[in-house]
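Line order of the protein sequences matches chains A and B.
Read left to right, the first sequence gives residues 353 to 747 (this note's numbering).
Read left to right, the second sequence gives residues 448 to 737 (this note's numbering).
One or more hints might be untrue.
Sample of chain B residues with no beta-carbon within 12 Å of chain A, all distances over it, derived [to be verified]: (1) Phe567; (2) Val592; (3) Met621; (4) Arg632; (5) Thr706; (6) Leu728.
Partner residues aside, some chain B positions facing chain A, computed with beta carbon under 7 Å [stated by the list, open to error]: (7) His453; (8) Ser516; (9) Asn553; (10) Trp560; (11) Thr564; (12) Pro568; (13) Ile666; (14) Met710.
Have a look at the derived ranges for each label pair, beta carbon to beta carbon [as the list claims (entries may be wrong)]: (15) B/Phe576 to A/Asp531: 56 to 66 Å; (16) B/Gly719 to A/Pro663: 48 to 58 Å; (17) B/Leu529 to A/Asp614: 34 to 44 Å; (18) B/Gly573 to A/Val399: 25 to 35 Å; (19) A/Gln451 to B/Gly719: 51 to 61 Å; (20) A/Pro663 to B/Asp578: 35 to 45 Å; (21) B/Leu714 to A/Lys601: 47 to 57 Å; (22) A/Ile493 to B/Ala509: 54 to 64 Å; (23) B/Leu533 to A/Lys475: 16 to 26 Å; (24) A/Val399 to B/Val734: 27 to 37 Å; (25) A/Asp614 to B/Tyr702: 31 to 41 Å.
No lab work stands behind these hints: they were computed from the structure.
Computed from a prediction, not measured in an experiment: that's the story for all the values here.
Built from N, CA and C at the ideal position, the CB exists for glycine as well.
Given next are the chains, with one letter for each unit.
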Amino acid sequence: MKKIALTAVLLALAIQPALAQKKYDPGASDTEVKVGGSGPFSGPGSVAGQLVKSVAAYFDMVNANGGINGRKITYIAEDDAYQPPKALEVTRKMVEQDQVLFIGGSIGTPTQLAIRGYLNENKIPQLFLSSGNRAFYDPKISPWSLGNSPTNFTEGRLIGKYIEQAFAGKKIAVLYQNDDLGKDYLAGIKETTGTKTQIVAAVSYEITDPTVDSQIATLQASGAEVFASFSTPKATSQAIRRAFDTGWKPQIIIPLIVAQIDGTLKPAGLDKAVGVISEVAIKDAADPQWAKDPDMIAFQAWRTKYNSAVPDPALAASGYNSGYMISQVIKQAGDNLTRENIMKQAANLKDVHPPMNLPGINVETTPDNFRLARKVQFQKFNGTNWELIGTPVSD
Amino acid sequence: MAQLLHQLATGLSAGSIYASVALALVMIYRSTGHMNFAQGEMATLSTFIAITLLDRGVPYWATFLITVSVAFAGGALVERILIRPLADAPERLMVTVFLGLFMICNSLGGWLWSYETRAFPSPFDGLRFLDNAYETPHDLGAMAVIVLLMAAIFVFFQYTSTGLAMRGATENPMSSRLVGVAVGRMSALGWGLAAAVGAVAGMMVAPTVFLEPNMMATILVYGFAGALLGGIDNPWGAVAGGFIVGILENILGVYVIGTEMRMSVALVLIVGTLVVRPDGLFGRHKVVRV
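Using the sequences provided together with the hints, build the complete structure.
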């Protein structure tokens, strides 16, 4: 009898952990996981909001296919109008009223910076947002934030590495915006050049400067043959056109965020932008070489069925990737759906390939390195579209 | 040396941008006695109208004329609807009205034409005989347009009876009315002309800085500095002031204070002029009979 009682107690003790394995924080249950995200659906920046709408559409597909680990994903997408105070307001609403488990898939640097403090203080993960600001990629600064993009600093390093490989022996000129954005790029490129190449001039401009003509004259006088322009679309267009018009004609390299044919190259003049090099991580939906790619076929089917309201294929692809990353973390977390475990899983991604990324462009995190996107592919503009050049460069 | 020449040349082309806005400011000040902060945004709206016409295939110079006419009518209309009822309002109130007008025009531009950056064509780009290492054909053409515009404004105020009537209506409305000047009509005419000058400025600036709703926002500060420096009541002074600001800003930015401080040059010039020589370098001192 005693023996049976002892066995029962031992059995109970053994079962206990198994029962306790199902752990939930607010927003998670046996049937549902609630996630929130925000972006500009109205106002001047509203184009970017298409990304967040695409994340929501991604989960429509996930739910139609049975959810994740048997749970339905409720994705709440809010309009923050690209205004920091509004972002904080909708985030508090999602956390305190809607009770989301975590925030994920948002876009907008100033808005996401505004909610970073609130989320980190309350230990709520802020995952896979689209911003290159380094505050989202450093566990020492914000242990509960982890972005989805290469940081501006990483991009600067990658561009530097590429120049060292492809343009050995050349002199480099750098134009950078005089703020966090520009200075992070500059710090990055400085670290990875200097062996076979040399930065001979680095000039800043203010976002209030009507033109960058004076800066281009200074850079031209430096005799550089490669010109890295770390600026917003308008200044980039001006720089590309001016470098052409003055007869300087260096090899121009521009970062990911401004590598838009319509937004950046067209105002400069497509003929003047021939030969511009940039980076890319995502497959171009219009490129026929991916027509038979299974991920692309699945993506196009999803666009037709769930995401027809979003016209921009690149933002749709980014949102699709963000949705995939969020799903990956929920999948990895299993039945332990606490905020702590969600963050732990996000910080332990092993060689994950987001479906819309180019082949070989995988992402990875460790608890002490949140810079998840450390690989890019370079591409060159031929006058009508981008052509991929060389193999991926990694940092 | 080559770099200094390049910097002088870019300073001149930047100066021509500032000078064109300074001219519009002189126009509104001479004809109404006010400083219109929405001048730049009204010019941007006019430039949006121009690009809409160009997109529809209207030839450049026809577009130019239509835009200037529409801007003239628009300016006069703003005066009728918004400014006339406030004719006797204190200066402080007017500043608020102008800021409101600024925001309305800015948002209207973004709402109707979107916030994306767009290229704007120049009528001078095809003039290959103007090719040189320092200035683009457009820069040279824009400078010529500004000098012509300046001369026209000077002649208008100095040698035409309408110009004289307008000056009178601003400086002494009561006496002007007594000698038969239609003061209200003069004010509307002044607003219309200032908006028309702004439209020309917008179309000369847009090919260089690209067209978007905030195109004029910072240029207005530089234009303001130029107009004040040269003398706010004097068209050729304002143009000279615009060029001086452009060259100073470039040369100081490259050789002395660094590119971070260029905006400060304009601000220091504004404050400095107001403190040291409120009438500007070439302005006439205003004497008021008590």
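Legend entry - Hints breached by this structure: 1, 5, 8, 9, 10, 12, 15, 21, 23, 24
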